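Spelled out from the first residue to the last, the chains are:
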Amino acid sequence: MIYLDNSATTRVSAGAAAAARHYMTEEFFNPSAMYAPAVQVEREVERVRAELAASLGAKPSELYFTSGGTESDNIAILGTASVQRDPHARYITTEMEHPAVYNVFLALARTGADVVFLKPDSAGRIDPAALAEAVNERTALVSVMHVNNEFGSVQDLAALSSAIAAKNPETYFHSDGVQGFGKLPFGPLPVDLYSISGHKFHAPKGIGALLMKKRVKNAGGQLGGGQERGVRSGTTNASGIAAMGAAFEELRAAEAENLRHMRELKLLLANYLLSLPDVLLNGPKAEEGAPHILNCSFLGVRGEVLLHALEERGIYVSTGSACSSHKKGKNRVLASIGVEGERAEGAIRFSLSAENTPEEMARTAGEISNLLGVLRRFRRR
Amino acid sequence: MANVLLIRYGEIHLKGQNRGFFLRLLKEDIAAALEEFGAEVTLGQGRYYASGIADSCLAAAVDHLTRIFGIWSVSVAKEVDKEFSVICETAAALMQEELAKRGGSCTFKVFARRSDKNFPMTSNEICPELGHVLLERFPGLSVDVKEPEVSLSVEIRERAYVYTNEIMGPGGMPAGSNGKAALLLSGGIDSPVAGYMMMKRGLELECVHFHSFPYTSERARDKVVSLAALLARYCGTVKLHIVHFTDVQLALYERCPADQTTILIRRAMMRIAESIARKNGCKALVTGESVGQVASQTLDSLVVTDNAANMPVFRPCIGMDKYEIMDIARRIGTYETSILPYEDCCTIFTPRHPVTHPKLDRIQKSERAIDDYERLLQEAIEKTETLVVSGSQASG
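Protein sequences, first through last, are from chains A and B.
The numbering of the first sequence is this note's numbering, which starts it at 1 and goes up by one.
The numbering of the second sequence is this note's numbering, which starts it at 1001 and goes up by one.
Derived by calculation from the structure, the hints in this document are not laboratory data.
Among the hints, erroneous ones may be present.
Derived SDA-like pairs: lysine to any residue, alpha-carbon spacing no greater than 25 Å straight-line [stated by the list, open to error]:
no.	chain 1	residue 1	chain 2	residue 2
1	B	K1359	A	R381
2	B	K1383	A	R381
3	B	K1365	B	L1299
No experiment lies behind these values; they were computed from the predicted model shown.
Construct all of the structure, not just a fragment, from the sequences and the given hints.
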């Protein structure tokens, strides 16, 4: 198997799985309980919180565990919106966001809020000047994803943050970091809110976190027993947190090496593929985008057919555009950078992890080269 | 006062000397459907009785019965002694429930049928007598003999049966009582309906599906398995033959005129289906075609398609509008699965301008130009995968 769909999810690392198992079957206690073994679990939860927060340049009290990226995005946006006094406050995001952000903004728009969607350029970048233009005195929140999940463009969060602050220092800045965390060097981020998801970096599904700086007023998400300082009630997912902690430590230990390795593989694959006829790169240049995402269009081929043909050869990728009759050729995210029609229909996303190898890139490119010859003989006529 | 299911059969009434054969088959089907409820099934005069079912399981048992072909209707009846006073008390108890459901007042009518002529009252005596008793007992009741809200029925047979409900069954003939046919099952709306209609007439079905990986996905295949399972709810299990058809399609695409692709593919499907049908003892093919619905279903196209088959082709949807077919699909529970979006992933085999009035000789000429046509079909047949799909696999 050659797994090139790491932006969909990743394999849980052995260390993360062992940590999860330990906190499921041995130290399975509810960290909110009063006795000593439970306190021990709570210490582990707090240890992971401190480590993750430090990697983002934040305080432990600014990091909240959630069930994943979608929940973090929802709390960041709706929790902020629900404490706004101004019912027509402005909320700014982009046309290329993940549905976990995009659909929440659409919901805000339906409540009468003033929602603005910024269009990225053809490389998938948001122009800070255009953002500054959109921010006004009624702007409550800006949300711009750190790394785009389909074509891997990376935003300059510092420039965007300055642009916002210059126009309205009261405006909060959220970034969906689900594809950014662990794929770019760790360090302080110039944002107020940042979403991360464990299963994108070899932790299990169902665990994630929201970074929320002290100054943010936010009503939080689901109500209940008041865990996560009232921001996100629900029994603490200690096994998920411990697993995410283990995955994070592995990631941090090999950070520079991983990033370099993935970048090399991506460039290798890009060189192979772009040398084939009628293959176009979507999004940023291969050397500029995130190290793990490569999106190419194979003209004259339906992405889903190529996907299934690769699947038959044990190679797993994803396509931005489902071939199903209901949403044929429609992909909002690709369309936002001008990739439409035949080019969108032929788009394939390759997303890497540190586990991939150069041999896998060569074999994938070789199979695609053969397949293109066969598949391109059959077009609708 | 025990509950018993009265199960009426439909068309079997019309049978002559072979009625016993159909009645035996239907009894087996009923017994199999009610086995899990521990029911005892007996055949009485013009009725089956199913007894011994726990009250809490009656609704589920009736639900199972409404999917058994050959059943006209089912009533949940109280089985009591043939004693008029007992019948009155039972009727009163049932009427009390009906009144409670309707806020204390309703119209009603009594129906009576006496097949045990030893019972001292005739049907025409039971109706007014019982009606009178109920009217005296419940001030909220009034009689309406034309459109009663509640029909209270009394049947004097082996014992006395009293009931206020009649749930319609699917009708038709017992499953498999008319031999076996092969259904060309796509992922669409029409073919499951066609299969259902022929099963209802007592045909046992084997399903043949044409899979075009990588042009259709694993999910499309799962969808067809789900549809087969939904059909199998009406007959226990069905065999599903999945034909790996891609190479045939590619050959037809490359070696024949573009506008003929659709009709050529249909003919190849008929031939492969017929071959699988013969191997499995099927004597006819069933398709979901409806005249005029799409280019491959014009009369001329149907004539050319039909020509490829050497066994009868049944098309029960042939004279139906799409909306009528959709109505049946909803009723039999296949619609929601049929509209899942995993079919026809790619339209490359569907020409933009298909011939709508194909000429048989030209189509045959195109086929003759493919010198290894038979071998291609044979290879697809050999690569066929066969699954046995059970109705218990059906979801929803």
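Hints versus structure:
1. Taking the CA atoms of B:K1359 and A:R381, the gap is about 21 Å. The hint holds against a cut of 25 Å.
2. Pair hint B:K1383 plus A:R381 does not hold up; C-alpha atoms about 28 Å apart against a cutoff of 25 Å.
3. Simply put, B:K1365 and B:L1299 have alpha-carbon atoms about 20 Å apart, close enough for the 25 Å limit, and the pair holds.
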